[in-house]
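Model the full assembly from the supplied sequences, consistent with the hints where possible.
As they're listed, the protein sequences go chains A and B.
Going by my numbering, the first sequence opens with residue 1, and the numbers climb by one from there.
Going by my numbering, the second sequence opens with residue 1, and the numbers climb by one from there.
Incorrect hints may have been included.
List time: in silico PhoX-like cross-link candidates among lysine-lysine, alpha-carbon distance up to 25 Å [stated by the list, open to error]:
{"no.": "1", "chain 1": "B", "residue 1": "Lys-239", "chain 2": "B", "residue 2": "Lys-214"}
{"no.": "2", "chain 1": "A", "residue 1": "Lys-358", "chain 2": "B", "residue 2": "Lys-125"}
{"no.": "3", "chain 1": "A", "residue 1": "Lys-477", "chain 2": "A", "residue 2": "Lys-131"}
{"no.": "4", "chain 1": "A", "residue 1": "Lys-207", "chain 2": "B", "residue 2": "Lys-214"}
{"no.": "5", "chain 1": "A", "residue 1": "Lys-505", "chain 2": "B", "residue 2": "Lys-125"}
{"no.": "6", "chain 1": "A", "residue 1": "Lys-165", "chain 2": "A", "residue 2": "Lys-212"}
{"no.": "7", "chain 1": "B", "residue 1": "Lys-125", "chain 2": "A", "residue 2": "Lys-477"}
{"no.": "8", "chain 1": "A", "residue 1": "Lys-358", "chain 2": "A", "residue 2": "Lys-485"}
{"no.": "9", "chain 1": "A", "residue 1": "Lys-485", "chain 2": "A", "residue 2": "Lys-505"}
{"no.": "10", "chain 1": "A", "residue 1": "Lys-212", "chain 2": "A", "residue 2": "Lys-172"}
Calculated from the structure, these hints are not laboratory results.
Owing to the predicted nature of the structure, the values given are computational and were not obtained by experimental measurement.
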Amino acid sequence: MARELPRRTVVMIGGGMTSALAARALVAKGVDVLVLERGADRAHTAADEIPSQRDELRWALRHQNAQNIARETYTLRYAPSETALPARRLEAFIPGEGVGGAANHWNGQSWRWSEYDPVLRTHLRNRYGTKAIPTDLSVQDWGVTYAELERYHDLWERLFGVGGKAGNLQGKIQPGGNPFEAPRQNEFPQPPLEILESGVIFDGAAKQLGWKPFPLPAANSSRAYTNPDGMQLAQCQYCGHCERFICEANAKASPQVLLYPWLRQHKNFEVRTLAHVTGIDYDKAARRATAVRYLDLSSGEEVIQPADVVVLGAFVMTNTKLLLSSGIGAAYHPAVRTGVVGRNFCHQTMSSVSVFFKDRWINPFFAAGASQHVVDEWNNDNFDHAGLGFHGGAHIFSGVTNGRPIATRPLPPGTPRWGSAWKRANADWYAHAFTIVANGSCYPHPDNFLSLDPTYRDALGQPLLRMTFDWRDNELKMSRYITQKMADLAHATGATIVGPAWARKGPYDVRAYQTTHITGGTVMGADPATSVVSPHLQHWDAENLFVVGASVYPQNSGYNPTGPLGALALRLGDDLVSYVARPRQL
Amino acid sequence: MSETPADVEAPRRRFIKNIAGVAAVIPIQALATAPSAEAAASAPPASPSAGSAPGSVSVVPDGYQFFSAEEAAFVESAVSTMCPADELTPDGVACGLATYIDRQLAGGFGTGERLYMQGPWHAGKPEQGYQLPFDPAGFFRAGLAAAQAACQAANGKKFEQLTPPQRDVFLTALAQGKVTDHSVPLAQWFNELVFPLFEQACFADPVYGGNRDKVFWRMVGYPGLPAFHTVDVQNFRGKPFPGAQQPKSIQDFS
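As structure tokens, this is what we get:
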């Protein structure tokens, strides 16, 4: 028998960054907020202390900060006609678990997206004409513009102490910044991180090609910093343990450092850990979510938590899975292209090339997760796509985020895989090489979507989420084009050896890490026929249910997704304050 | 991974032919110096090339939690073939590589911690990843037995009885999918289980039993802990970092 608890005003599912940011305005207004998180609190554990934090095997390879895939994974097939198989290991992307979620183990790369990203379909149609958008390219507008989100971007950057150099200040292009940047009202709250040797080399090569390199906006605090909530960040140590790790120095802006400690100072806020949400009770006639059900992982007891307002703020996979399993909204059907839940699932299209310098010391172990330099000439629609046969692009960057030696040892082509010659090559090149990376967009395709798997189950007996996904023609063509640009840059570095530059090829490989930036499944938009939530992130079929997370992106950009997620979540916080005071369709 | 379901069921005959062709290029001198079966069977589990190279050291055996004596002999031969003693490091056994693999297989990794183990099981595309019902410990054991049987069939000797160059040829054939077994996908076994364990054994923190005395970190110049580089990043940008010569590991801060 499930135990029913007293009603709460706002119940949020998932204790990551978006829930915390959305809770911030509510908590400040005195509204009662409960966050349900399936994982534990990792603060002051081996995950964030010296020396145990500096353990590549434990955290980076064995994924001890991530969702436990033995309990819940996803299945993959390449086409709707196939039977899916489970991804039995966690490799292609890394969902988080525990208070803070995936934004605890992120690298800190803190982009705003292109000004046209939220209106991508309109932008492409205006620039290239309707015929230049193939039927199978189901890109769509968000229903909210960058201009409306700008002040939330600004707030998020101040909360997270983001360091960088403005490229477009109130419409004026600034030297040293990104000339393609969406216009900002204010300079970054902190200066950029120190440039690395790889960045010096990268900048030189980019300038030779006439491109404009700049420091990547970083949430690895470049100075000691106090944010508007009075929360503090220490200065970054360039330790090379960001992505897949929880910062031990409180220098990487993370929910665990900045958001949850502040929220917990308030009596009207509670985060309940080891609460694994299994469903949302839905009154279809009333079009309302009535309660959240979870399993208490400390007792095994099933609990019903009634709520006035429910916010679904978990990772992409969980957000989509809970809507499907709770029967809220129409599931997407690719054959007839109707239904919305699970639609427009995307990942990111990555490629890379390694460069080797006999006489230069790269010292890859001096690095922060976002201490790279970047060019943006070939990203998204920053260049003319007329006649190219694809849309989208990538930012290209000097990919030194760490020198952790199990996984980060570029070797020249032709190196044997073991033996004395292999050792010699490691000794010769470890400190003298780095990888240039293209971080590419991924646009939706009607056959790339999420649904419930009919066969495989999680540890609680619930269906796994099923990915139907492959690299489609648009992404394959884009990757070929961008990878050549990246190779041009690699050759311009004057490297002793340039490794092979392979464009992304199918089939999608669950064994290869791309990024953790999967998107879509519960996308936002102004039209209920093609979106799950409104531009205010309000569910079209349940007025008191809101969804926030990368699952609301209708397509994935050639940037990391965290910045606009921060903006969307902060805006949701203001919308929720308004909704709680006067419930209605926003 | 290059294995496909068709490869998995490829006839043993083809494999023997392949190996026979490869083995034919082994220098006679190397064959002549191979230890006899009895000698290898009675030899203590020590580095095969101990005493023959400048980097070799005497090793006190750690003792194994997982391996049988026969499995240990195979693994020790493999890691000291893949990491021979030379001017850069002692041989693989002396570097703790067999110990690392043993400890991983005996622990949570070996028993399938963070591996989704529910059925049903079907073969998929290689890109759909590992799809066997074995946990890593079981897969390691089954693959080792199959590889040993294939080696015996092709060479009339166990793997550890081959000369180091012959072992290298055999491992290369394994990695390239040229050694097949009727039930165990040996290329996948080698490339997705054995080889990653070997690399981890070399470069993981010594607290796990490999990379003894931080020998591989010293070899490449990875400074290890504590990695407080706020000042270093400026002072040693583009310059050799002295700390890379004397790496520190978890044990040094415990």
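Now for the hints, and whether the structure bears them out:
A C-alpha spacing of about 22 Å is found between Lys-239/B and Lys-214/B, which places the hinted pair at or below 25 Å, so the restraint holds. A threshold of 25 Å between alpha carbons decides the hint, and for Lys-358/A with Lys-125/B the separation of about 39 Å lies outside it, so the pair is violated. Among the hinted pairs, Lys-477/A with Lys-131/A is consistent with the structure: their alpha-carbon atoms are about 18 Å apart, no more than 25 Å. At most 25 Å may separate the alpha-carbon atoms for a hinted pair to count; Lys-207/A and Lys-214/B exceed this at roughly 40 Å.
For the suggested pair Lys-505/A and Lys-125/B, the alpha carbons sit about 14 Å apart, so the restraint of at most 25 Å is met. Annotation: proposed proximity of Lys-165/A to Lys-212/A holds, straight-line Cα distance about 13 Å (limit 25 Å). Using a Cα cut-off of 25 Å, the hinted pair Lys-125/B and Lys-477/A holds, with the two alpha carbons roughly 23 Å apart. Under the criterion of a C-alpha separation no larger than 25 Å, the hint pairing Lys-358/A with Lys-485/A is consistent with the structure, at around 24 Å.
At most 25 Å may separate the alpha-carbon atoms for a hinted pair to count; Lys-485/A and Lys-505/A meet this at roughly 17 Å. For the suggested pair Lys-212/A and Lys-172/A, the alpha carbons sit about 16 Å apart, so the restraint of at most 25 Å is met.
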